[in-house]
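Engineer: Turn these sequences into a full structure, and let the hints guide you.
Each chain is listed here by its residues.
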Amino acid sequence: MNRWKANCRILVSALALGTGLGLGLGLGPAPARGLRDGSYTGRSYSAYYGQVQVRAVIRRGRLARVEVLRAPHDRSTSRYIAHRALPRLEREVIAAQSTRVRHVSGASLDSRAYLKSLQSALDRAI
Amino acid sequence: MPRHTRQIMGMPVIVEIHDAADLAPFDAVFAHFHAVDDRFSPYRRDSELCRFDRGEIPALALSPEMRDVLELAELTEDQTQGYFRIRRPDGTLDPSGVVKGWAVKRAADLLRGLGHRHFCVEIAGDIELSGLDAEGGPWRVGLSNPFAPDEIIKVLGLSDCGIATSGTAARGQHIYNPHDPGHKITRIVSLTVVGPDVLEADRFVTAAFAMEEDGIAFIEDTPGLEGYMVGADRVATMTSGFRDLVLS
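Residue numbers (my numbering), protein chains in the order written: chain A, 1 to 126; chain B, 1001 to 1248.
Read the hints as simulated data drawn from the structure, not as lab findings.
Quick reminder that beta carbons are idealized off the backbone N, C-alpha and C, glycines included.
One or more of the hints may lead you astray.
Footprint (simulated), chain A over chain B, 3 or more residues, beta carbon under 8 Å [as the list claims (entries may be wrong)]:
#1 1115-1129
#2 1139-1148
#3 1151-1160
#4 1211-1225
#5 1231-1245
For the chain A half of the interface with chain B, some residues (derived, Cβ under 7 Å), not all of them [unchecked claim]:
#6 R36
#7 S39
#8 E90
#9 V93
#10 I94
#11 A96
#12 V104
#13 S105
#14 G106
Quick list of simulated restraints, FRET-style, between CB atoms [said to hold, decoys possible]:
#15 B:D1068 / A:G61: 45 to 51 Å
#16 A:D37 / B:R1087: 33 to 39 Å
#17 A:R100 / B:P1089: 40 to 46 Å
#18 B:D1068 / A:E92: 35 to 41 Å
#19 A:D123 / B:P1064: 37 to 43 Å
#20 B:G1115 / A:G34: 55 to 61 Å
#21 A:R100 / B:R1051: 41 to 47 Å
#22 A:V93 / B:I1008: 34 to 40 Å
#23 A:G61 / B:S1159: 53 to 59 Å
#24 A:S98 / B:E1135: 17 to 23 Å
Structural biologist: Structure representation (structure tokens):
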């Protein structure tokens, strides 16, 4: 399971238990039950590098699933072709390295924007 | 301790300095990131960004920092055929695509101004690397596997440059879930750009990712940048100079 999925699971568990998130994010306490069944789309929030929007799916009064509708960089509208560069590009199949490193460059989703969008989706389910 | 981490702007900020005598430079860098968050936060109603967007601050009264970021955002929009946008479709001002890289670059400039030479500053995968690491070699930076973020697919040796990666684990998840009608399947899952500094890497990676497969060709065509793009088919495409940066 990747880290993102793991984070989602922890987050969903925390919300479903109504524990609040305790992350100092200023979110109100998450409702534990009594939510109306259905799908609720949260507001779109700006992360530092794009928009984040989620939809909460409520089943039997509980948060059953969170779907990410918008994530940073979903901005593509038209296409730009740089044909002359293509012959110089090298391709390979990605493969895991066993080496350990202290610094990693990789994609991440801004957690606050995610949580705020989820909170606004849940507010609509009350 | 040459390495310290704090959670700022909802993301981990990692600072490693190998020629620091005490904690003062670390404190200076973290204070800088808190100030950036106060000024540019889209969540704080009283941030300069929100107040300017509501028309409460005239353009002439903007801080030099805000003007710098807005100018950079406009420049980036010009340089990337509009793939980078300073405003969202609803008209809201959103320079967030350059703030992160700009903030890391400024932190590195701050450390250089204090006389430091061997350090790295990182926020959520955007990294500026100066001089050499603890072992006296180039900084070893791993690229994470967008399909399994705990896994490293490339190790680079970097010095006096910046690196940034676009793409999200959330996007990767869409690819595992092709039957969900709410999500479109995308053809690329991550793009990494190495540039002369983290700001250049960050603002170009943001725009190039939106170009999908053509983004790597755009990076190839832009002087001073190298890139590594991972496709949804797990095939990577790299620019002609990227191989020179690879340790393993």
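Engineer: Take the hints in turn and mark each one as holding or not.
Structural biologist: We went through each hint and held it up to the structure:
Residues of the segment 1115-1129 of chain B lying with their CB closer than 8 Å to a CB of chain A number 7, which satisfies the three-residue condition for coverage. Given a C-beta distance limit of less than 8 Å, the hint that chain A covers the segment 1139-1148 of chain B holds, as 10 residues qualify and 3 suffice. Proximity of the segment 1151-1160 of chain B to chain A, defined as three or more residues with a beta carbon under 8 Å from a beta carbon of that chain, is established by the 5 residues found. With 8 residues having a beta carbon nearer than 8 Å to a beta carbon of chain A, the segment 1211-1225 of chain B meets the requirement of three or more and the stated coverage holds.
Closer than 8 Å: that is the beta-carbon criterion, and the segment 1231-1245 of chain B has 9 residues meeting it against chain A, so the requirement of 3 holds. For R36 of chain A, the shortest C-beta to C-beta distance to chain B is roughly 20 Å, which exceeds 7 Å, and the interface hint is violated. Contact between S39 of chain A and chain B, as hinted, is not supported at the beta carbon level, the nearest pair being about 9 Å apart and thus beyond 7 Å. For E90 of chain A, the interface hint holds, the least distance from its beta-carbon to any beta-carbon of chain B being 5 Å, beneath 7 Å.
Among the interface hints, the one on V93 of chain A holds; its C-beta lies about 6 Å from the nearest C-beta in chain B, closer than the 7 Å criterion. The interface hint given for I94 of chain A holds, since its Cβ lies 5 Å from the closest Cβ of chain B, which is under the 7 Å cut-off. Given the 7 Å rule on beta carbons, the hint for A96 of chain A holds: about 5 Å separates it from the nearest Cβ of chain B. Interface hint status for V104 of chain A: upheld, as the beta-carbon distance to the closest one in chain B is roughly 5 Å, under 7 Å.
Hint status for S105 of chain A relative to chain B: holds, with the closest Cβ pair at about 4 Å, below 7 Å. The beta carbon of G106 of chain A is positioned within 7 Å of a beta carbon in chain B (closest approach about 3 Å), and the interface hint is therefore held. Range check, D1068 of chain B to G61 of chain A: about 50 Å between beta-carbon atoms, so the 45 to 51 Å window is met. Here the CB-CB span from D37 of chain A to R1087 of chain B is close to 37 Å, well matched to the stated 33 to 39 Å.
Taking 40 to 46 Å as the suggested C-beta distance range, the pair R100 of chain A and P1089 of chain B conforms, at roughly 43 Å. Between D1068 of chain B and E92 of chain A the beta carbons are some 39 Å apart, a value that agrees with the proposed interval 35 to 41 Å. For D123 of chain A and P1064 of chain B, the hinted distance range of 37 to 43 Å is satisfied, since their beta carbons lie about 39 Å from each other. Between G1115 of chain B and G34 of chain A the beta carbon distance is about 60 Å. The supplied range of 55 to 61 Å therefore holds.
The supplied range of 41 to 47 Å is met by R100 of chain A and R1051 of chain B, whose beta-carbon atoms lie about 45 Å from each other. For V93 of chain A and I1008 of chain B, the hinted distance range of 34 to 40 Å is satisfied, since their beta carbons lie about 37 Å from each other. At roughly 56 Å, the beta-carbon separation of G61 of chain A and S1159 of chain B lies within the given 53 to 59 Å, and the hint holds. For the pair S98 of chain A and E1135 of chain B, the beta carbons lie near 18 Å from each other, so the given range of 17 to 23 Å is met.
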